[in-house]
Amino acid sequence: MAKLKKLEDYRDEIERCVKCGACRAHCPAFDAERREGRVARGKIALANSILEGEVGLEPKVLEDLSQCLLCGSCCAGCPNKVHTEDIVAAARRQIAEERGLTTFGKGVATVLGRPKLMNLLAKSGGSLSSMLFKKLPKNSGLRLRFPAPYLEKERTLPPITAKPFRERVPEILPGDSQQPTVLFFTGCGINYMYPAVGEAFLKALKFLGVTVIVPKDQACCGLPAVSAGATKTIESLADQNLAAINRHNFDYIVTACASCNSGLGSIYAELGDDFEEMSAKVMDIFVFLDRHGLPEKLEALPKAEQRIKVTYHDPCHLRNQGITREPRRILKALPQVEYVEMPDAGTCCGLGGTYSVYHYEHTKRIAARKAGNVESSGAELVATDCPGCIMQLQDGINHAKGNQRALHILELLGEALPEGV
Amino acid sequence: MLSEQSIKELQKILGKDNVLTSKAERICYSYDATQQSFLPEVVLQPGSTEEVALVMKLANRERIPVFPRGAGSGFTGGSLPTKGGIVLCTERMNQILEIDEENLVATVEPGVVTERFQKTVEKVGLFYPPDPASLKFSTLGGNVAECAGGPRCVKYGVTKDFIIGLEVVTPTGDIITTGGPTMKGVVGYDLTKLLCGSEGTLGIITRIVIKLLPLPEAKKTMLVLFDSIDGAAQAVSAITRNKIIPTTLEFMDGRTIECVRQATDLDLPETAQAVLIIEVDGDREFLDKQANRIAEIIKPLGVVETRIATTPEESEALWQIRRSVSASLRKVNPDKFNEDICVPRSKVPEMIRKVDAIADKYQIPIVNFGHAGDGNIHVNIMVNKKVSGDIMKAEGAIKDVFKAALELGGTMSGEHGVGIAKAPYIPLEITPVAAEYMKAIKRSLDPNNILNPGKIFLDDENTAAYGE
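Chains A and B supply the protein sequences, listed in that same order.
Just so you know, we're using our numbering here: the first sequence kicks off at 98 and counts up by one.
Just so you know, we're using our numbering here: the second sequence kicks off at 1003 and counts up by one.
Because the hints were derived from the structure by calculation, they are not lab data.
In this text the structure is predicted, and so the values were computed from the model without any measurement.
Be a bit skeptical, because a hint or two may be false.
Footprint (simulated), chain A over chain B, 3 or more residues, beta carbon under 8 Å [claimed, not checked]: (1) 1024-1035; (2) 1070-1079; (3) 1130-1142; (4) 1328-1339.
Think of the CB as a built atom: it goes at the ideal place given N, C-alpha and C, for glycine as much as any other residue.
Sequences and hints are given; from them, build the entire structure.
Okay, structure coming up:
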């Protein structure tokens, strides 16, 4: 059975923070509002105060702990490599356990002083929410990411597809027996919002002759639940996925969503012995394609006469694992693409699990900066490797009145590969 | 205790949002990089000089101590609210007010982060050299108050060498300006220099006038590995003796190299017992010549290997070795006392030998690295606070290190300041008469001793302590 660590288990991690302040240079949430409680050092001080009983779970504490994207930028810039994102996630789980999950949500909303807005949205936005969400299973992380009453009207979201990706494809797509077998963990984003990305995934692996298994009974990875602090949800989703995955024989579990990759590869790895073996097999699609010779094969294709300028956004959950070169290598090798690098490609898009729901104003500030960077690169398309980022990047660009489109690298790859291979 | 009436008055001056009173908020302003913490009664975030002045007037009337704070990244506790009271955080005052390209002068508010300022002036071909390790997050106000240094100070000088004017709120709540945008000025006492490095005890800096330089065209980085620390130390003196002042001259001793080797996969051969990272800047054509000249001078001093970067990426790779030091040290012991003594450049070899002897005496690991070019050595005494006796050993070692530095004509602190961390050791360096001279200034400017009290100098018995 899956078992998550408690805040108490992070005492050593908390002590390793020497309060030097380096995180102040790296935190997108702090950059949006420069108050010490917003930055990793402050959150660690608060987590410690909760453990020591110096503060209760009062509104200000909840507000600061909710102001974290769990993006890990602080850890990347920390001289002691303190994992604040894990500490904050554990603190949120404790809050949810003591106060109930909805209390956390409500608490956050209350401290933001928006009860009026909440009610308004609950009434007028009701139709919107039911339209959007009736197609989603109850335990999908998308429900946590966008709980209907909190959704801002001005937010632009992709539509939920009429027929989810996993219902469109057979469970097993056999390939060349010389090639490895891949289990495709689709995640909710691809399954419910971006089925075309899933199709492109299959096309790319077919091109390489790889056998693909798409387990019908896989569930949400649980990462948005990590962000919300929903311990039981994470644990039960993990158990469900482990069972679904263990039914098959395969060489790799491949993801095309940075969040799922981190959920299965990092969060699950901490859940107990049963999960370790599974987590070790998790691989990002572009790492897989890169290792299996796709860039060379792409280079061999004739270059398009008119190429389109594309830039890349690093999803936090890949950047933190050091996966930055592989997606770029694939992009650069695409025949129809002229690659341009944008400034600060590695900074968070601002989605941050449930962050953007409760702190949409801050999210917009972070997203506006990102949209400006896309604009300054001169790219027409911003490609990435995470449905969450795509959604957020597009929303930011729309608000900035930009005309660029955010999309998955796989969509470009699908276009480039010959038909019927 | 702060009365409810005072809080209300502060809210009126600053607006409710800028008066932080909840415990959670106060906890977040209770610490700095010294790893000590003191809970303030209230945290204020003023937005203008006038607001700061009104706060100081109120604080004087009510006798509430005020502790100015920038980013809270100091190493000696300069911003710690040791007596509760008010933390006055200048972060909201964060505008770059003017960059005067005709006069090479800039005017900024104190809350501007140093790196942001540097990048902004570099865009127009100008240069602000001081580069403390915290430059990505520390503020210019804090840099001025502590007179921050950094690797580039070897050639260019420290923060105070670039500050030509200030606007300051006095401890009693008046607003004064010192110096100004001219390159020269000798009317009256040089209060600008007095306030630089005064650690927030004589006034709150609300505006800074900064002298800029033209941005050097290029720089060249070289990394030299030596077979002994003595060779490296002699190399520092030899370079200076030959009338060359590099931009930076950083060194790492054998123990530091060992730490980095263990913690990273950076390429550092076992034979290397000391490292110098040397950087020169200026016109492109002049750099190769100077780098070669340096290589020639240090060649006979036990050089194991010289690496010269030819691209910015290669330069970055060389600096990576220096940057990985801090985190690597934790391999030795979890906690450290980071001292920053400074000795005359020629005494660096002797100082290192003395530190090694102190490490032996107390049986405690001491790791040395830092800015050898100006004799500023970071002496890191590595301990485990959970092991009983380790802290006592460290305290003994610190005192011996300070004494050794002073014997060589040096100082206890090159850049971190005194704060509360070094205050007990002040009598080692400053004579009673000189100390009294300084305290007389403080007393006359801050008669109620409310601005950052207890910093630099420990409280006198006759100074009425707040809350007693």
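Hint check, failures only: none
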